[in-house]
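Peer 1: From just these sequences and the hints, can you work out the full model?
Protein chains: 2
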Amino acid sequence: MRDSARVIAALDWSMTQIHNFGAGPTGLPLAVRERLADALQVPFDHAPSLLEVSHRGARFLEVSTRLRAGLRTLLGLGDSHEILLMSGGAQLQFALLPMNLAASGTATYLESGHWSRTAVAQARPVSRVEIVGSSAATGFTTLPAVGPVPSDAAYLHYCGNETIHGVQFSAPPTAESPVIADLSSEIFSRPYPFSELAVVYASAQKNLGIPGLTVVAMRRDLLERSPRSLPPILSYRAWAEAESMPNTPATAAWLATMEMVEWMLREGGLPAMAARNAAKAAAVYACLDRHDCFETPVAREARSSMNVVFRLVDRAEEPEFLKAANAAGLLGLEGHRAVGGMRVSLYNAIEMSSVEALVAFLDAYAQRG
Amino acid sequence: MRDSARVIAALDWSMTQIHNFGAGPTGLPLAVRERLADALQVPFDHAPSLLEVSHRGARFLEVSTRLRAGLRTLLGLGDSHEILLMSGGAQLQFALLPMNLAASGTATYLESGHWSRTAVAQARPVSRVEIVGSSAATGFTTLPAVGPVPSDAAYLHYCGNETIHGVQFSAPPTAESPVIADLSSEIFSRPYPFSELAVVYASAQKNLGIPGLTVVAMRRDLLERSPRSLPPILSYRAWAEAESMPNTPATAAWLATMEMVEWMLREGGLPAMAARNAAKAAAVYACLDRHDCFETPVAREARSSMNVVFRLVDRAEEPEFLKAANAAGLLGLEGHRAVGGMRVSLYNAIEMSSVEALVAFLDAYAQRG
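Top to bottom, those sequences are chains L and X. So the first sequence is numbered by the numbering used here: it starts at 1 and just counts up by one. So the second sequence is numbered by the numbering used here: it starts at 1 and just counts up by one.
Simulated from the structure, these hints should not be mistaken for lab results. Ideal Cβ placement from N, Cα and C applies to all residues, glycine included. Hints may be right or wrong, so weigh each one.
[Claimed, not checked] Ranges of calculated distance between the beta carbons of each label pair, as one might list FRET restraints:
(1) X:M245 - L:R315: 23 to 29 Å
(2) L:R266 - X:M245: 33 to 39 Å
(3) X:M352 - L:A31: 44 to 50 Å
(4) X:G268 - L:C293: 45 to 51 Å
(5) X:T138 - L:E176: 54 to 60 Å
(6) L:E196 - X:G340: 30 to 36 Å
(7) X:R290 - L:A31: 49 to 55 Å
(8) L:D152 - X:G76: 49 to 55 Å
(9) L:M352 - X:M245: 29 to 35 Å
(10) L:I131 - X:G268: 29 to 35 Å
(11) X:A145 - L:E176: 57 to 63 Å
(12) X:A242 - L:F44: 41 to 47 Å
(13) X:Q367 - L:A58: 29 to 35 Å
(14) X:T174 - L:D152: 47 to 53 Å
[What the hints assert, rightly or not] In silico SDA-like cross-links for lysine to any residue, where the CA-CA straight-line distance does not exceed 20 Å:
(15) X:K323 - L:G57
(16) X:K323 - L:D45
(17) X:K323 - X:Y365
(18) X:K323 - L:R56
(19) L:K323 - X:R56
Peer 2: So, in structure tokens, the structure goes:
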């Protein structure tokens, strides 16, 4: 397809622009991608790239320093929280959180879709677990309310945005116990009351760059909960003591996230991201709402601004719809294999011009003969 | 320094070539680095790079398929072993190995330097541990012999090459229990009896590319040892069932390792790597041996071909020596902070021409007035 697209491009540039609506690993802003490519270019003197030097040397430590500073600015967190830069994705956190923070007490969870369910599944083998609110009964098209919480609750865990089911909490739930937020697919999409949360964590491959880095901001008093009986590599306390370098980090992901964070700050920070993202989501939902051929399963108040899920009323048309979208340069619109249908991911890197191209396609599809 | 180097380069190219002898993350072959840079270039149609697409989509699955095929060819392993592509570095394996494989029985270790010691420290909290051979008494300048092994030994773990102390086993130790080899800093530097080993593992940032991927080749029968009580993300069995994609992998590291593995195969595979590496190490050791001003602490039969450690007889000269080497474009020669002195890392990507530049510098240094 790419070769023929290049030929057509000579005739009409606009026909061949590719728009990447994939759910992750997701598109990078072009400026970030160009910087990463530049960082790998082989210079005249064959000097090593940032991926070929010691992670403890001056060149890479500058990346680390800029990354941490940018994250702290965007999170708006003072000395109350430690920022840990870890690996292994959010799923490793699903296991480490109960191992470290619920050695005594009950780990409590809100169940709002696939990812919060997976967090529960990873926690069950290592902790007492209780689900204190679930929207399973609606097929995860609504958000759960917080029910009675046991008095020995070690924490309350929720997933701020469910990538697969397309539901998003407008604000964190409140609870007496420390609240832990998995914000993997929405972090830095809008201002957020980060400082009210005990733990905020996010894998990088949605709004923070490329996979390999997981950012964990944790209230310092919680670090004391890590049992001394854990291997250090699985202990938050030991990670904090090692300043997030107990071993070699995934340097490419750190570099990409540094570029992403600095790009967000240059673009105006979280208020600017929120304005862009609200406009993008509003345009897509408005388009889906105005045509009878589309269905949006999620309740209005639970709709995600990051992952818009929809179906065709005529399910049998969906494969052809996706094929036509791909041919029009609109990539990554397949829904997750667990739920089918379509999904539009609108992470920070997605430009309004891409949304306009999608809306034009959806309008044309709805009005076809 | 880079800018002035560029000016000088106009006068004498050879003066300004940089040679990267760092211990890791280490240099990539120029061809590999160029391919990675190319992969990130923004094309005419803005098509996403390989780091911006789903890890379960056709484009990235080709990377996965080529990576696995290349690894299997280089390892020479048939269906007896599962190849797992994990994250978290070798240190995460230090914890996972005893958690998965020594739930019953004693985890036994050979202690030959910093990294095998660290493996023991990560294992102690989760398993019964016994050190069955140690070279601590010689300051890790020799290799340990295998002493009496308890009858309930779950495995024998050794570190094939100690990056910091510069000692290397010429061949795996023999034992009745399954033998586990941490080959992080020597894998694919030479032909190796991989099929005799129960587990071979290596983090990627030495001979396999950039940090973020850890390759684990494990005899399939051992997968059955993983206790069902482990969170799936910490279970080898579950990783095998998920075909190494329980979650999003560090795609940049997978791509880099695919390029590295294919580069090694194009260059002639392990016999070619072994011939290059033997010649490189012989040239460096011969140079160090012929000058009285250098000291090599490691016993001859234990010398590493990957990490050559040495000192100046006049310790006080070492800072000036390193400064002069840096100015000559010879980077990364500082010894690890744990032992001081100097270290020359000679991983697969290092060219003989770099070794020649180093030897010329060492000769000139030794013969200075």
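Peer 1: Please go over all the hints and tell whether each is borne out by the structure.
Peer 2: Structure-based check of all given hints:
Under the hint 23 to 29 Å, the C-beta atoms of X:M245 and L:R315, about 28 Å apart, fit the expected range. At roughly 34 Å, the beta carbons of L:R266 and X:M245 sit within the given window of 33 to 39 Å. In this structure, X:M352 and L:A31 break the distance hint of 44 to 50 Å, their C-beta atoms being roughly 40 Å apart. Checking the proposed 45 to 51 Å range against X:G268 and L:C293 shows it is violated: the Cβ atoms sit about 59 Å from each other.
Distance hint for X:T138 and L:E176: a CB-CB separation of about 58 Å, consistent with the stated range 54 to 60 Å. At roughly 47 Å, the beta-carbon separation of L:E196 and X:G340 lies outside the given 30 to 36 Å, and the hint is violated. In this structure, X:R290 and L:A31 meet the distance hint of 49 to 55 Å, their C-beta atoms being roughly 53 Å apart. Between L:D152 and X:G76 the C-beta distance comes to about 54 Å, which sits within the given range of 49 to 55 Å.
Between L:M352 and X:M245 the C-beta distance comes to about 33 Å, which sits within the given range of 29 to 35 Å. About 57 Å separates the C-beta atoms of L:I131 and X:G268, a value inconsistent with the hinted range of 29 to 35 Å. Roughly 59 Å separates the CB atoms of X:A145 and L:E176, a value that falls within the hinted 57 to 63 Å. Taking 41 to 47 Å as the suggested C-beta distance range, the pair X:A242 and L:F44 conforms, at roughly 45 Å.
Checked against the hint of 29 to 35 Å, the C-beta distance between X:Q367 and L:A58 comes to roughly 31 Å, which is consistent with it. Checking the proposed 47 to 53 Å range against X:T174 and L:D152 shows it holds: the Cβ atoms sit about 52 Å from each other. This hinted pair checks out: X:K323 and L:G57 have alpha carbons roughly 15 Å apart, not beyond 20 Å. Only pairs whose Cα atoms come within 20 Å are accepted, and X:K323 paired with L:D45 is accepted, the gap being roughly 18 Å.
Restraint check for X:K323 and X:Y365: satisfied, since their Cα atoms lie roughly 12 Å apart, inside the 20 Å limit. This hinted pair checks out: X:K323 and L:R56 have alpha carbons roughly 18 Å apart, not beyond 20 Å. Restraint check for L:K323 and X:R56: satisfied, since their Cα atoms lie roughly 18 Å apart, inside the 20 Å limit.
Checked against the numbered hints above, the structure breaks hints 3, 4, 6, 10 and satisfies the rest.
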